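S.K.: Here's the letter readout for the chains.
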Amino acid sequence: MTNKTWRGYGLGTKNNKGAYIEMYFAPENIIETSNVVVDPDDEIIKKFEIVFVSDDKPPESVSEAYLKLHLLSLRKVKPNETNLDGIFNILPNVAWTSLGPVDAEELSNFLYENKGKGVPVKVFSIDKFPSLTDYVSLSDVRIADASRVRLGAYLGPGTTVMHEGFVNFNSGTLGEAMVEGRISQGVIVAENSDIGGGASTMGTLSGGNEIKISVGKNCLLGANSGLGIPLGDRCTIEAGLYLTSGSKVEILNENGDVETSLKASELANKPDLLFLRNSLTGAIQCKKNKNVNKLNKDLHDN
Amino acid sequence: MTNKTWRGYGLGTKNNKGAYIEMYFAPENIIETSNVVVDPDDEIIKKFEIVFVSDDKPPESVSEAYLKLHLLSLRKVKPNETNLDGIFNILPNVAWTSLGPVDAEELSNFLYENKGKGVPVKVFSIDKFPSLTDYVSLSDVRIADASRVRLGAYLGPGTTVMHEGFVNFNSGTLGEAMVEGRISQGVIVAENSDIGGGASTMGTLSGGNEIKISVGKNCLLGANSGLGIPLGDRCTIEAGLYLTSGSKVEILNENGDVETSLKASELANKPDLLFLRNSLTGAIQCKKNKNVNKLNKDLHDN
Amino acid sequence: MTNKTWRGYGLGTKNNKGAYIEMYFAPENIIETSNVVVDPDDEIIKKFEIVFVSDDKPPESVSEAYLKLHLLSLRKVKPNETNLDGIFNILPNVAWTSLGPVDAEELSNFLYENKGKGVPVKVFSIDKFPSLTDYVSLSDVRIADASRVRLGAYLGPGTTVMHEGFVNFNSGTLGEAMVEGRISQGVIVAENSDIGGGASTMGTLSGGNEIKISVGKNCLLGANSGLGIPLGDRCTIEAGLYLTSGSKVEILNENGDVETSLKASELANKPDLLFLRNSLTGAIQCKKNKNVNKLNKDLHDN
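Chains A, B and C are the protein sequences, given in the same order. For the first sequence, numbering that gives the first Met the number 0 puts the final residue at 301, and the numbers step up evenly by one. For the second sequence, numbering that gives the first Met the number 0 puts the final residue at 301, and the numbers step up evenly by one. For the third sequence, numbering that gives the first Met the number 0 puts the final residue at 301, and the numbers step up evenly by one.
These aren't lab readings, by the way, just hints derived from the structure by calculation. Please read all numbers here as calculations on a predicted model, not as lab measurements. Just so it is clear, CB atoms sit at the ideal spot from N, CA and C, and this is done for glycine as well. Possibly wrong hints are sitting among the right ones.
[As the list claims (entries may be wrong)] For lysine-lysine, the following DSS-like pairs were computed, each having C-alpha atoms within a straight-line distance of at most 30 angstroms:
#, chain 1, residue 1, chain 2, residue 2
1, C, K293, C, K269
2, C, K287, B, K247
3, B, K75, B, K287
4, B, K75, B, K3
5, B, K293, A, K116
6, C, K247, A, K286
7, A, K296, C, K56
8, A, K3, A, K45
9, A, K296, C, K16
10, A, K77, A, K116
11, A, K247, B, K269
[As the list claims (entries may be wrong)] Computed Cβ-Cβ distance ranges for the label pairs, DEER-style:
#, chain 1, residue 1, chain 2, residue 2, range
12, A, N34, B, R74, 46 to 56 angstroms
13, C, T32, B, N15, 29 to 39 angstroms
14, C, E59, B, R74, 48 to 58 angstroms
15, B, E27, A, L98, 18 to 28 angstroms
Please take these sequences and the hints and turn them into a complete structure.
M.R.: Here it is in structure tokens:
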């Protein structure tokens, strides 16, 4: 966590009870400030809602939660640097439709009325988090399917998120990256790494994992692979191999002989490793990584 | 199958030949009834189309198929409880666009005319089944990407379908569940289970599988895992392990010794099992499951 | 590559600097021709932009790139038959929105202005390639989630692309096929094959693979499997098995005995093979394939 504080001027949508269900902050309407005093005659406060947040304090309202999610996606704070405790309880469930956001509890009537009048309406999502691209525009990234990147994702410059890629809120990439797999909440991927098609990074919200996963620089998670440990720089996980933290791994020396066996968790954050499954013995093995990942420059000059 | 019968009042869209291509039924316009007599002077029949279906008879028209799909998604019948024989032949292929549904055979002209006039049109899908959320609104579920849940899916209260989740028609969850993997046609997932990211449940429509898969209560299918047998309560499949019905599995006792080997299909519906692949020998193993899945309450209080 | 040449009449969208960011070609407005002379008094050239391309020359403009992508999706040229060198540098990054395409660099202002006026706007994608279905309509295919098939994909008649399927530009299926996995750039799938849910075909753009992958006729890639070699006809890869080109594979005879071991790359293009991982020894094995894939006819009569 940092202890930075922020002021944002937001435009929001309210449900039928008058409560905000979402809020948009243009980047020029967010400033880092410790000054909570606002001139009441300022023109801007007639049009916008003024919202304050501190990185070291949890959000206490829909507006504050949205400002924090914007700060992440606008790259003003990195994942795990701002307190998001309780955000699931604060955010309402919203139906994101082609006619704008609607409180999920009001969707039934909304559908009925529009269908009755023959007005086309498409529901894109019923979720507490909207898509990043509906709030934040980044001209130096590509997001092939915007429904797969939540507001609150942090995408480094030069990141490409392909159709099978996914980036949760409070997670992301620090620089150029190819994302064709899933970056779970809390997971950070360093520069020049490639998360292959369908690759999984274990998250801490579901499924019982408690270790925060990360991926170092110049790493490659092969297609359909999985990662259950924090991975050091210049590491590769072979396509199709799921490396859980409890996996026992044979350590090979330069001659290809097995020297010892370790739990994968003991290899956390160690650089220059190649993980694979021996296709004849079925054992997970680890050796020195000689083909370090390089990104295809053509794909990342956005 | 049940032998319940239903009457619905629907609003539909027709193609250029005058045939229905889809139909919407508001929940209040569906009643369980064995009475097929309708008063011809009733005001409602001037506005709506009257449709009757029985759970034990296959649908015979687009309208009947749509009413059956609504019954499933509105939780009035459970998966495999209503006869859907022949539904693929009954349903037309529809282009689901931002301007409404269009017969797939009429899409070419539709695109040409709109492009020529500069009218933006987005085609979301060309499919026989629409998205659930465009027809049925459930305020007690979350569906992060609505394009991944077909009308006819049955989602129990408290279900979250994440971006990588998928639920086909005539399949679903009976209660609270986290769905980050794919629930194939005919597959039912019981309460408090977690289908991990990219996890696969074998379906019977494609790929040659003939056994109907199910998942018991408090189960966890790990990320990128797969399931080819009906799974009992409180079972876990390790991340990355695909358990096919023909897999031979080593059965371990409390001391971790191999007692015997069985085909996975012999373990169908048995409770309290943990399946994993030994990372040194490569063998699929099964032992008593000690860490039974619990859902994260924060994520499921919709 | 062929040496065919084509003339197209297109309708495009320009960015604020006056440069084309996309172009639409109706099928009737594309002709195969070697004649580059056009009558300047022709009415059509007042409404449309005239564009010429040759299959053996790379595209040199946005308009030419779009015409080539249309040729592929309209089945006028097959994948790998038209020169697409440099296409990533030619195509601009575009925000595909519900109000039409917007230059990615102009999205920030576009969002701000629309949010300020309360106009709903949905951003579907920020990418160099649009969705096939927004440009080309095929009445003999199904595409369950249109965001997963890029313009430039080649879909054979009777192809179904399910929600988890993906087809990149310059790749695709030659005839009937079930696509529930990912077909990477350059990959071609022959008739009557099934790419199972979440299955991966290794591409050559990212991740270091340099071998062009293909799939023969009547093949089945099981769910969550992966393919790193060109696969012959009537082959099956077991669900969950990732076959990389460097994998060593035990070859079994009719009695189930191991005869020898080969690298998977030595089995490229060989027919009638079944690949699986022995669930007790962990070894990847190959034997004669006795259950050849047949598609479910109900699903493919579009």
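S.K.: Each hint needs a verdict: does it hold in this structure or not?
M.R.: Do the hints match the structure? See the list:
A threshold of 30 angstroms between alpha carbons decides the hint, and for C:K293 with C:K269 the separation of about 19 angstroms falls inside it, so the pair holds. Under the criterion of a C-alpha separation no larger than 30 angstroms, the hint pairing C:K287 with B:K247 is consistent with the structure, at around 20 angstroms. A threshold of 30 angstroms between alpha carbons decides the hint, and for B:K75 with B:K287 the separation of about 37 angstroms lies outside it, so the pair is violated. Simply put, B:K75 and B:K3 have alpha-carbon atoms about 10 angstroms apart, close enough for the 30 angstroms limit, and the pair holds.
A distance of roughly 44 angstroms separates the Cα atoms of B:K293 and A:K116; the hinted pair therefore is violated under the 30 angstroms criterion. At most 30 angstroms may separate the alpha-carbon atoms for a hinted pair to count; C:K247 and A:K286 meet this at roughly 17 angstroms. With a CA separation close to 22 angstroms, the supplied pair A:K296 and C:K56 stays within the 30 angstroms bound. With a CA separation close to 26 angstroms, the supplied pair A:K3 and A:K45 stays within the 30 angstroms bound.
Restraint check: the Cα-Cα separation between A:K296 and C:K16 comes to about 26 angstroms, which is no more than 30 angstroms; the hinted pair holds. A hinted pair counts as satisfied when its Cα atoms are at most 30 angstroms apart, and A:K77 with A:K116 does not qualify at roughly 46 angstroms. Pair hint A:K247 plus B:K269 holds up; C-alpha atoms about 28 angstroms apart against a cutoff of 30 angstroms. The hinted range of 46 to 56 angstroms is satisfied by A:N34 and B:R74, whose Cβ atoms lie roughly 52 angstroms apart.
Evaluation of the 29 to 39 angstroms hint for C:T32 and B:N15 yields a pass: the beta carbon distance comes to about 33 angstroms. Under the hint 48 to 58 angstroms, the C-beta atoms of C:E59 and B:R74, about 57 angstroms apart, fit the expected range. Range check, B:E27 to A:L98: about 22 angstroms between beta-carbon atoms, so the 18 to 28 angstroms window is met.
The structure fails hints 3, 5 and 10 (numbered hints given earlier, in ascending order).
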